[in-house]
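**Student:** Following the hints, put chain B in place on chain A, whose structure we already have.
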Amino acid sequence: MDFSFVDQIWVARVPLLKGLGVSISISLLSIVVGTVLGVFVGLALTYGYRPVQWLVRGYTDFIRGTPVLVLVLASYYVLSTIGIDLGPFQAGVLALAVFCSSHVGELVRGALQSIPKGQTEAAKAIGLTFPQTFVYVLGPQALRQALPAWVNTAAEMVKASTLLSIIGVGELLLRTQEVISRTFMSLEFYFFAGFLYFVINYGIERFGRYVERRTAVPS
Amino acid sequence: MTYTLNFAAVWRSFDLLLQGLALSLGLAVVAILAGCVIGLITAFGLVSKSVLLRKPAGLYVTIIRNTPILVLVLFSYFALPELGVRLGKIESFVMTLAIYSGAYLAEVFRGGLIAVPAGQREAGLAIGLTEMQIRTSIIIPLMLRNVLPSLGSTLISLFKDTSLAAAIAVPELTFEARKINVETFRVIETWIVASCLYVATCSLLAALMRAVERRLAVPR
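Line order of the protein sequences matches chains A and B.
When we follow our numbering, the leftmost residue of the first sequence carries the number 1, and every step to the right adds one.
When we follow our numbering, the leftmost residue of the second sequence carries the number 1001, and every step to the right adds one.
So that you can see chain A by itself, here it is in the shape it has in the complex (with noise of 0.2 Å):
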């Protein structure tokens, strides 16, 4: 039996292979139901009546106050205390899809809040509703204002996702330290794991750059 490292990746393929396609399915399920959640986070921060506008924002100030990883755990370990049972997966990306909610949430206010008041008063003065001027006016603005900042969210919530290997989601990084604690080649997997991360962020990161070319406002 030959113990290469090479050979031993062939090997663990399946499950290495099976945990990089849950990690990938943690990140765009909370990076999905964070963003829908966010915008509307987002929303009542920038035009909320004053007590919800307090509301959200005791919401989104707990939750980036608080540690992702203990935002995990409490799902977790709070979810199934009293009495809805979630599974380690749906819990995790639940925290997760909440930690995402917050920073969308504030990406969203603060891509509103930079549009000058002219465009709004331009818009009331050609006679649109409020809702035809956050569909025309602001939100097509707002959108190339928090795109490229959006992106890199989602690059935080590709690392995020090896969070719930603690709980004990089958995702990349737990199923490499099964396969470490099979062939004991820790620097290597850890290495491997290391690498596959790296390329899938930079790839994000770099997506991120050209987005942020493309939607830059000519000047």
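Just to be clear, a hint being listed does not mean it is correct.
To be verified - To list a few chain A residues with every Cβ distance to chain B over 12 Å, as calculated:
#	residue
1	V32
2	A44
3	Q132
4	Y136
5	E156
6	I180
Said to hold, decoys possible - In silico negatives: residues of chain B with every beta carbon more than 10 Å from chain A:
#	residue
7	Y1060
8	A1079
9	P1117
10	N1146
11	A1194
Stated by the list, open to error - With the Cβ distance kept under 10 Å, some of the chain B side facing chain A (calculated, not the full set):
#	residue
12	F1014
13	V1037
14	L1040
15	I1063
16	L1070
17	L1072
18	I1156
Simulated from the structure, these hints should not be mistaken for laboratory data.
In this text, a Cβ means the ideal position worked out from N, Cα and C, and glycines have one as well.
**Tutor:** Chain B only, in chain A's frame:
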């Protein structure tokens, strides 16, 4: 389903949580101080004219920023011993967090360095300061003032990253909270208290940074 909150068990082990919080803060302070030094040196590398300095600095920042910190933490604790680098849990974690924060702080400092007007350096040269004197007494202070807002948010997120030390059983706040969980089964209460401790500390740090910002604001 009815569940009555009962904090008694958590209060009994509250000093454990506080000890954990103290260790979290300690880890953060040491790692961030080291990270600032690494970040500052790297930032000067990033803005350097020499490719030999710029490329390695850029490579370091790119690699660290695109790798999950949990992988780095596990790597340095479990894999480095294979290379003969044997560190304790705490040392290994502080080293990892310092290297990790160094990459983020380098980007922060780089932004600040670029924003310092070239005239400042020229003025320093004109009054006969050496390159090193210009850096330490003109450029770095001006740069720090430029970067205070993003420095603050980086520091806060690094403080939160100390929770990952729980993954290698460093007895900081998250680890202690998990332990109390296992011992008392007061799961909800423990996580409420632990989260509140984190949130309170982060808000305190944010307030502190705002106060510093106000003190150092450029008078207009």
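**Student:** Each hint should be assessed against the structure and marked as holding or not.
**Tutor:** Evaluated hints:
1. At the 12 Å boundary, the C-beta of V32 of chain A stays outside the reach of chain B, the nearest C-beta of that chain being 20 Å off.
2. Listed as a non-interface residue, A44 of chain A keeps its Cβ farther than 12 Å from every Cβ of chain B; the least gap is roughly 20 Å.
3. Even its closest Cβ contact with chain B, about 35 Å, leaves Q132 of chain A beyond 12 Å, as expected for a residue assigned away from the interface.
4. The claim that Y136 of chain A is not at the interface with chain B holds, since no C-beta of that chain comes within 12 Å of its own (minimum 33 Å).
5. For E156 of chain A, the non-interface assignment is contradicted: its Cβ lies about 10 Å from the closest Cβ of chain B, within the 12 Å cut-off.
6. The non-interface label for I180 of chain A is inconsistent with chain B: the shortest C-beta to C-beta separation is roughly 7 Å, within 12 Å.
7. At roughly 13 Å from the closest C-beta of chain A, the C-beta of Y1060 of chain B stays outside 10 Å, upholding its exclusion from the interface.
8. Once the 10 Å rule is applied to beta carbons, A1079 of chain B is inconsistent with being away from chain A; the minimum gap is 4 Å.
9. Chain A leaves P1117 of chain B outside its interface by the beta-carbon criterion, the shortest separation being 21 Å against a cut-off of 10 Å.
10. For N1146 of chain B, the requirement that its beta carbon stay farther than 10 Å from each beta carbon of chain A is met, with the minimum near 19 Å.
11. Separation of A1194 of chain B from chain A is inadequate, the least Cβ-Cβ distance of about 6 Å not exceeding the 10 Å criterion.
12. The restraint placing F1014 of chain B at the interface with chain A is violated, with a minimum CB-CB distance near 17 Å, outside the 10 Å limit.
13. This hint is violated: V1037 of chain B has a C-beta 24 Å from the nearest C-beta of chain A, more than the 10 Å allowed.
14. Proximity of L1040 of chain B to chain A is violated relative to the hint, the smallest CB-CB distance being about 23 Å (cut-off 10 Å).
15. The closest approach between the C-beta of I1063 of chain B and any C-beta of chain A is roughly 6 Å, which is under the 10 Å cut-off, so the hint is satisfied.
16. Of the supplied interface hints, the one on L1070 of chain B holds, with its beta-carbon coming within about 4 Å of a beta-carbon of chain A, less than 10 Å.
17. The beta carbon of L1072 of chain B is positioned within 10 Å of a beta carbon in chain A (closest approach about 7 Å), and the interface hint is therefore held.
18. For I1156 of chain B, the interface hint holds, the least distance from its beta-carbon to any beta-carbon of chain A being 8 Å, beneath 10 Å.
Consistency note: the structure conflicts with the earlier hints numbered 5, 6, 8, 11, 12, 13, 14.
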